[in-house]
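Novice: Residue numbers (the numbering used here), protein chains in the order written: chain A, 1 to 384; chain B, 1 to 40.
There may be inaccurate statements among the hints.
To be verified - Subject to a maximum C-alpha distance of 20 Å in a straight line, what follows is the list of computed EDC-like cross-link-like pairs (lysine to aspartate or glutamate):
| no. | chain 1 | residue 1 | chain 2 | residue 2 |
| --- | --- | --- | --- | --- |
| 1 | A | Lys332 | A | Asp294 |
| 2 | A | Lys143 | B | Glu8 |
| 3 | A | Lys131 | B | Asp3 |
| 4 | A | Lys129 | B | Asp3 |
| 5 | A | Lys211 | A | Glu260 |
| 6 | A | Lys143 | B | Asp22 |
| 7 | A | Lys143 | B | Glu23 |
| 8 | A | Lys137 | B | Glu23 |
| 9 | A | Lys137 | A | Asp88 |
| 10 | A | Lys137 | B | Glu21 |
| 11 | A | Lys129 | B | Glu39 |
| 12 | A | Lys139 | B | Asp22 |
| 13 | A | Lys363 | A | Asp148 |
| 14 | A | Lys102 | B | Glu8 |
| 15 | A | Lys310 | B | Glu39 |
| 16 | A | Lys139 | B | Asp3 |
| 17 | A | Lys144 | B | Asp22 |
| 18 | A | Lys155 | B | Glu23 |
| 19 | A | Lys131 | B | Asp22 |
| 20 | A | Lys137 | B | Asp3 |
| 21 | A | Lys162 | B | Glu12 |
| 22 | A | Lys4 | A | Asp88 |
| 23 | A | Lys131 | B | Asp16 |
| 24 | A | Lys155 | B | Asp3 |
| 25 | A | Lys131 | B | Glu23 |
| 26 | A | Lys155 | B | Asp22 |
| 27 | A | Lys143 | B | Glu21 |
| 28 | A | Lys181 | B | Asp3 |
| 29 | A | Lys181 | B | Glu39 |
| 30 | A | Lys144 | B | Asp16 |
| 31 | A | Lys162 | B | Glu8 |
| 32 | B | Lys14 | A | Asp148 |
| 33 | A | Lys137 | B | Glu11 |
| 34 | A | Lys143 | B | Glu11 |
Treat the hints as calculated values from the structure; they're not laboratory data.
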Amino acid sequence: MESKINLYNQRLADYKNTCNHIEPKYVPVVGYYLTWAVGYAGMKTDDLLDNPDLIAEAYRKVYNDVYADLSWGGLTTPIRALQRLGSDAFFISEDGHTIQHKEHCFMQADDYDALLAEPMYFLMDTLGKRKFPELNKSKEEVKKALIDVMNYVNKFMAGNGKLNQVLKEEYGVPLLCDRGKVYPPLDVVFDRLRGFQGTLTDLKRKREELKLALGVLDKIYRPLTYPAGTGETYAVDTLHCPTYLNVKDFKELFWPYLKEYCMEVYNRGSKTFLVMEGQWNRFYELMMDELPKDSVICVLDADSTIESYKIIGDHFPILGGITASDIKYLSKQQCLDAAKKIIDECAPGGGFIWSVDKALISKSDVNPENLIALNQFVHEYGKY
Amino acid sequence: MSDYNILELFEELKNDASWCEDEALRKGSVDRLVYFIIEQ
């Protein structure tokens, strides 16, 4: 185990160096596997949900076969807990491993006054009872359901914790992020309260109420940044709605909170992984003007790795590579050629981490032979 | 109709050792449950 801990420490040092624009020994390679790893192991997600102790077992196969220096961890959603509350928002696809979800937003346009008047009561009681049928039963039944949920979530977290321990002790692989969560209020509205259509409509028709709601949600969500800096690695934010915003709305309603939360994390000695879903290049100038160098790590999605690197690569570390569909449809040699070009452009000077563009969720997302060859190639060619 | 206020019930769960004797685990679990109810 000692050699794996040494490997872990070396990878952690490489990771931190490159996130500070210091050349590491190797370009770090990320394992961005969610339920894809479950399908790859020939297992069923339902079995892992029923027995979270199996999570580590399921992920062993992919870490045995596919090179990785860093990991996003294992399963993210304790679906059984949602089901205990009567929700069918999350479900498993016919393939037996891919987790899908429906939009699950129950706040109406005329609910802003209730949210602003008693935020926690509205979010927990009013919306909770709309979302979860089991919360509409008697107090004793609800209490039992909530205890079941907490016990299950703890078991689920322990299962993921066991995976993290296995990754560290058996594979020498650190987690990309461990402490601190950044969740700007407009994304809370978009993801949890009003949904895609409701939020974009409110930007035009309920703008003042929406702005007040962001202030209320800020008080609830800012404290989640506080654990930043207490772990070994960094904080994280998966950003959903900015790709649908113009620069004016982003600057007025999203950015002030995102910037403050990232600075909170930065001032605690940590950094924030910004998973920038969709296209973000129209926000690059603002981000570089207002955030310190190396304060955040930009996880690219629809933005080109090389083109983004040319603009932000000296200021922010980036996490990028080729797309999952390239790994699925290109030949092995085409994948390696594309990787070589990206490493040649982005790796010099540090500040670059290799990853596929999206979390892998379905077994058919990539050609596994290409992925195995690609990650091994990036590791070898990415030696400084 | 339900016969309880969920915020009061959460306080009750925080202070009720009958379902979890470990105070830190119990309070941490309830705090996590708040965000779980909001976010799921």
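Novice: All hints, please: hold or fail.
Specialist: Status of the hints after comparison with the structure:
For the given pair, Lys332 of chain A sits about 34 Å from Asp294 of chain A by alpha-carbon distance, which is inconsistent with the 20 Å threshold. About 11 Å separates the Cα atoms of Lys143 of chain A and Glu8 of chain B, which keeps this hinted pair within 20 Å; it holds. Between Lys131 of chain A and Asp3 of chain B, the direct Cα distance comes to roughly 17 Å. Compliance with the 20 Å bound is thereby established for this hinted pair. This hinted pair checks out: Lys129 of chain A and Asp3 of chain B have alpha carbons roughly 12 Å apart, not beyond 20 Å.
Our distance criterion of 20 Å between C-alpha atoms is met by Lys211 of chain A and Glu260 of chain A, whose separation comes to about 16 Å. Proposed proximity of Lys143 of chain A and Asp22 of chain B is supported: the alpha carbons are some 18 Å apart, at most 20 Å. Between Lys143 of chain A and Glu23 of chain B the CA atoms are separated by roughly 18 Å; this keeps the pair inside 20 Å, and the hint holds. Annotation: proposed proximity of Lys137 of chain A to Glu23 of chain B is violated, straight-line Cα distance about 27 Å (limit 20 Å).
At roughly 18 Å between alpha-carbon atoms, Lys137 of chain A and Asp88 of chain A fall within 20 Å of each other, so this suggested pair holds. Proximity of Lys137 of chain A to Glu21 of chain B is assessed by CA-CA distance (about 26 Å); at most 20 Å being required, the pair is judged violated. The hinted pair formed by Lys129 of chain A and Glu39 of chain B meets the criterion: a straight-line CA distance of about 13 Å does not exceed 20 Å. About 23 Å separates the Cα atoms of Lys139 of chain A and Asp22 of chain B, which puts this hinted pair outside 20 Å; it is violated.
Restraint check for Lys363 of chain A and Asp148 of chain A: not satisfied, since their Cα atoms lie roughly 32 Å apart, outside the 20 Å limit. Proposed proximity of Lys102 of chain A and Glu8 of chain B is contradicted: the alpha carbons are some 30 Å apart, above 20 Å. Restraint check: the Cα-Cα separation between Lys310 of chain A and Glu39 of chain B comes to about 36 Å, which exceeds 20 Å; the hinted pair is violated. Among the hinted pairs, Lys139 of chain A with Asp3 of chain B is consistent with the structure: their alpha-carbon atoms are about 6 Å apart, no more than 20 Å.
A C-alpha spacing of about 18 Å is found between Lys144 of chain A and Asp22 of chain B, which places the hinted pair at or below 20 Å, so the restraint holds. As the CA atoms of Lys155 of chain A and Glu23 of chain B are separated by approximately 17 Å, the hinted pair is consistent with the 20 Å bound. Taken as a hint, the Lys131 of chain A and Asp22 of chain B pair is broken in the structure, with Cα atoms around 30 Å apart against an allowance of 20 Å. Straight-line distance between C-alpha atoms of Lys137 of chain A and Asp3 of chain B comes to about 8 Å, which keeps the hinted pair within the 20 Å bound.
At most 20 Å may separate the alpha-carbon atoms for a hinted pair to count; Lys162 of chain A and Glu12 of chain B exceed this at roughly 31 Å. The hinted pair formed by Lys4 of chain A and Asp88 of chain A fails the criterion: a straight-line CA distance of about 41 Å is larger than 20 Å. Of the pairs offered as hints, the one joining Lys131 of chain A and Asp16 of chain B is violated, with about 26 Å between alpha carbons and a cut-off of 20 Å exceeded. For the proposed pair Lys155 of chain A and Asp3 of chain B, the alpha carbon gap of about 29 Å is over 20 Å, so the pair is violated.
A hinted pair counts as satisfied when its Cα atoms are at most 20 Å apart, and Lys131 of chain A with Glu23 of chain B does not qualify at roughly 29 Å. Pair hint Lys155 of chain A plus Asp22 of chain B holds up; C-alpha atoms about 15 Å apart against a cutoff of 20 Å. With a CA separation close to 16 Å, the supplied pair Lys143 of chain A and Glu21 of chain B stays within the 20 Å bound. The straight-line distance between the Cα atoms of Lys181 of chain A and Asp3 of chain B is roughly 34 Å, outside the 20 Å bound, and the hint therefore fails.
Using a Cα cut-off of 20 Å, the hinted pair Lys181 of chain A and Glu39 of chain B holds, with the two alpha carbons roughly 13 Å apart. Taking the CA atoms of Lys144 of chain A and Asp16 of chain B, the gap is near 12 Å; set against the 20 Å cutoff, the hint holds. A C-alpha spacing of about 34 Å is found between Lys162 of chain A and Glu8 of chain B, which places the hinted pair above 20 Å, so the restraint is violated. Among the hinted pairs, Lys14 of chain B with Asp148 of chain A is consistent with the structure: their alpha-carbon atoms are about 14 Å apart, no more than 20 Å.
Under the criterion of a C-alpha separation no larger than 20 Å, the hint pairing Lys137 of chain A with Glu11 of chain B is consistent with the structure, at around 18 Å. With a CA separation close to 11 Å, the supplied pair Lys143 of chain A and Glu11 of chain B stays within the 20 Å bound.
Of the numbered hints given earlier, the model fails hints 1, 8, 10, 12, 13, 14, 15, 19, 21, 22, 23, 24, 25, 28 and 31; all others are met.
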